[in-house]
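Top line first, the protein sequences correspond to chains W, D and R. Residue numbers for the first sequence follow this note's numbering, so the first one is 11 and each next one is one higher. Residue numbers for the second sequence follow this note's numbering, so the first one is 4 and each next one is one higher. Residue numbers for the third sequence follow this note's numbering, so the first one is 6 and each next one is one higher.
Calculated from the structure, these hints are not laboratory results. Note that CB positions come from ideal geometry on N, CA and C, so glycine has one too. Accuracy of the hints is not assured; some may be wrong.
[To be verified] One side of the interface only, derived from the structure: several residues of chain D facing chain R at Cβ under 10 Å:
id : residue
1  : P206
2  : A210
3  : T282
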Amino acid sequence: MNQTQSYLARAEALLEPWLAKTERPTDNRLDIWLSPDDLLPVVATLVAGEWGYLAAITGLDPGLATGQLHVLYHFAEGAAVVTLRVATPRDAAAVPTIRPLIPLAAMYEQELIEVLGVAVIGAPERGRLFLADDWPVGVYPLRKDFQPEQLDKESVP
Amino acid sequence: MTRDLINLLFFPAGLGLIAAGLLYQWVDRKLLARFQNRLGPRWFQPFADALKLLGKEEIHPAGSSAFLFAALPVLALAGALTAALYVPLFGLAPVFSFPGDLIVTLYLMSLLTLCIGLAGAQTRDRFSLAGALRVFTQMFAYEAPFILALLSPAVALMLAGQPSSWQIGELVLSAAGQPWFLLTLPITFVVALVGLMGKLELPPFDAPEAETEIVAGALTEYSGRGLALFSLARAVELVVGLTLVTALYLGGIGAGPLAAVLFTAKTIGLLLIVVVLQTLLARLRIDQTVNLWWRLGSVLVLAQWLLLLIFRVLR
Amino acid sequence: MNAPATERFVVPIGPQHPALKEPGHFEFTVEGETVVDATVRLGYAHRGIEKGAEGRNWTQTLYLIERICGICSHIHSTAYAVGVEQLAEVEVPARAQAIREIICELERVHSHLLWLGVAAHDAGFDTLFMYTWRDRETVMDILETMSGNRVHYSANVLGGVKFDLTDESAVAILKGVEFLEERTHHYRKVVSEDAFFLQRTRGVGTMTHAEALALGVVGPTARASGVARDVRLDAPYVAYADFPARIQLLTAGDLEARFLARLDELLDSFRLIRVLVAGLPAGELTAKRMPRKLKPGEVISRVEAPRGELFYYIRSTGGEQPDRVKVRTPTLCNMGSVITQTIGHNLADVPMILVGIDPCFSCNDRAVTVRRAGDDNGRAWAWADLRRYGIDYYRRIRN
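Throw the hints in and build the complete structure from the sequences for me.
In structure tokens, the structure reads:
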């Protein structure tokens with residue numbers, strides 16, 4: 011797995027200024043904690059350095075106690091995965107859009123907006139892509155405090 | 004008088020013709036299915052389909068003329084049935100005949116296509132509109148080569164100094180005395196046969212009703228009686244078209260007690276070729292259809308005519 | 006054809022449309038026959054699976070995950086099982102891993118043959134459609150011989166596989182593969198030589214290497230444009246390190262290349278299945294012990310589904326249930342390319358381009374709730390309610 015390590019080393023070299031808080035959960039992974047403001051420069055560096063591709067964006071609710079929502083940007087190259095972890099306050103969750111850099115991210119970001127209620131700053135207003143048209147506004151199914159009863163609310167199109 | 008009525012209403016035109024059309028349609032569907040490794044329908048399926056459709060409620064879509072919506076299918080079927088009167092159905096002499104009826108028949112055959120196109124164009128459904136556009140586009144593509152190809156035997160006879168005529172009845176009689184035009188005019192025969200497939204919107208010329216793009220094309224909004232009449236008109240047109248090509252290119256009516264049987268067998272043989280082509284070919288896009296007819300079809304017909312002229316001059 | 010440039014109209018495709026085997030909604034704005042704009046709306050098959058996973062234990066989730074897709078059910082459960090086993094630090098026996106790989110490849114064969122038929126139908130070439138689907142029965146019969154099921158093989162359990170490869174099924178596999186290989190060579194010939202079919206595929210929907218990278222497409226769609234990415238080689242899972250696949254790369258990037266890429270993959274799958282059957286390691290079928298509770302942690306599991314890279318993110322907080330299961334299916338990556346590619350093309354090419362990425366809508370749409378149609382108060386049903394309703398319903402029918 012030498013190649014995987016060299017991929018990760020290259021990623022570390024590229025992202026040198028942002029490596030304040032990192033983790034290596036497994037051999038092939040590098041997790042980097044970022045503030046929302048650092049996200050764009052980091053993604054731009056990865057794209058400009060042609061390091062891997064955006065494999066997915068995971069929206070995560072780590073629980074009510076933390077008062078946060080996490081957004082994970084997974085970049086993959088070979089077996090190596092670099093995850094950019096962005097924490098954002100639960101009651102005003104927002105991350106900047108990365109779709110000018112990676113057009114494909116539009117799909118993932120839309121999912122984030124709809125199912126986890128994370129605002130994506132800079133994303134154009136558009137209708138729903140995933141949830142039903144009569145789904146109530148402001149109800150986000152993947153948050154831990156989601157209750158099915160919330161769907162009884164009068165739905166607003 | 005009674006004889007005329009029987010001819011008109013029961014046989015060979017009228018009910019007999021419709022029944023024959025549905026049977027031919029069954030042969031088409033069954034052979035296609037067998038070639039495609041499917042079981043295919045039983046022999047009465049087209050009859051059952053037509054009866055069932057006739058009994059179904061017809062839904063008239065908002066935003067289109069109710070009169071045209073109801074009248075177009077009737078007109079289409081009437082056109083196809085009228086065209087049948089001038090062709091030697093089952094190798095029998097045409098029911099009616101007058102000088103120039105070849106031209107009239109060809110135009111009557113186009114009536115069906117026109118009606119389908121108009122039916123699509125006058126509804127507000129987007130699939131119908133797109134379908135109508137394709138129907139007309141395709142018609143302008145194949146119509147000229149097709150008509151020229153069907154006129155070719157008459158022209159060839161004329162150039163050869165033989166008795167010729169624009170009257171189908173006389174033409175097939177003089178054709179019977181000749182070697183088959185299939186052999187002497189092979190190129191226009193192919194054009195005529197493929198043109199017939201275009202006229203009937205069979206694959207590969209089924210872009211006007213490509214269900215994966217525009218659902219049922221121009222007839223998307225039709226249901227019940229209207230759809231049944233259109234499908235009957237298509238069935239009749241299939242018989243008329245096959246009869247015409249057979250009569251002109253495969254040795255005319257013929258004579259003797261078995262002439263009718265032989266003639267019918269020939270039309271079924273042609274149908275077999277049509278089915279094989281349907282099986283083998285993938286659908287053409289509408290622009291590809293237009294290209295094929297104008298770049299290849301019309302050039303082929305003109306080449307055949309040129310060859311005829313050259314032979315004439317050489318002799 | 007000659008409609009003036011201002012005469013645009015919108016052709017809706019879906020949610021119910023003959024070209025779509027599953028619900029999705031596209032709106033194509035056309036000028037004459039040329040597409041000038043396209044939009045997409047998904048979610049018609051949204052079933053709440055990601056949320057559902059949070060309310061089930063690790064084992065129950067496996068069976069839920071398997072039902073994400075009816076075509077590639079095994080690859081979903083493999084991705085999940087591999088991830089969970091990594092979290093639980095369980096070593097899966099080599100024989101089980103190899104059997105998983107056999108089924109992965111058989112599933113790929115099944116999926117690609119199905120796709121070939123659908124694509125041929127959309128091209129208006131029904132003969133090819135009928136024949137490929139007839140031949141697909143062969144591989145479905147093989148899977149039935151192995152597992153007892155044609156579609157949801159349910160081969161995986163956490164820590165191994167449920168059934169062994171018997172001599173009987175080994176014979177069936179080799180016989181079936183031989184037949185299918187011969188057929189695939191024939192189809193490859195048809196697809197690359199039939200003039201009428203080529204008119205619909207050659208030079209249509211071309212995506213260059215650079216575009217493919219920029220759009221982020223995955224799987225055969227990407228490999229047809231020369232993007233050398235295949236998780237089976239890049240990050241081998243199950244037994245792919247011992248029984249490696251060979252990457253099938255093409256550079257043309259048009260629909261024809263996408264056909265050929267998938268057909269070449271079929272041929273490679275046949276080779277791989279033979280190698281696997283011949284060299285199947287001996288050993289147990291399941292790990293000794295699979296814990297009910299997993300340590301806290303998270304894992305990323307990537308596998309190569311028939312349609313491209315499938316991405317799983319699984320998070321445990323130390324309980325009996327997953328805290329988060331994120332599924333990113335290949336269709337979502339590829340869907341964006343449909344919208345970009347169709348613009349400027351003929352309306353007739355749209356279904357072909359759409360089918361060219363082998364879209365799978367039920368994979369795409371997952372997460373949220375169960376609603377009964379016509380339910381007056383529109384109440385969402387909890388799992389227990391639904392279970393009770395199901396029991397009552399069948400009791401009523403019986404009585």
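Report holds or violated for the interface hint on A210(D), using the least CB-CB distance to chain R and a cut-off of 10 Å. holds, 7 Å
Please verify that hint: P206(D), Cβ, nearest Cβ of chain R, below 10 Å or not. holds, 6 Å
Verify the interface restraint on T282(D): the C-beta must sit less than 10 Å from at least one C-beta of chain R. holds, 5 Å
The structure fails none of the hints (numbered hints given earlier).
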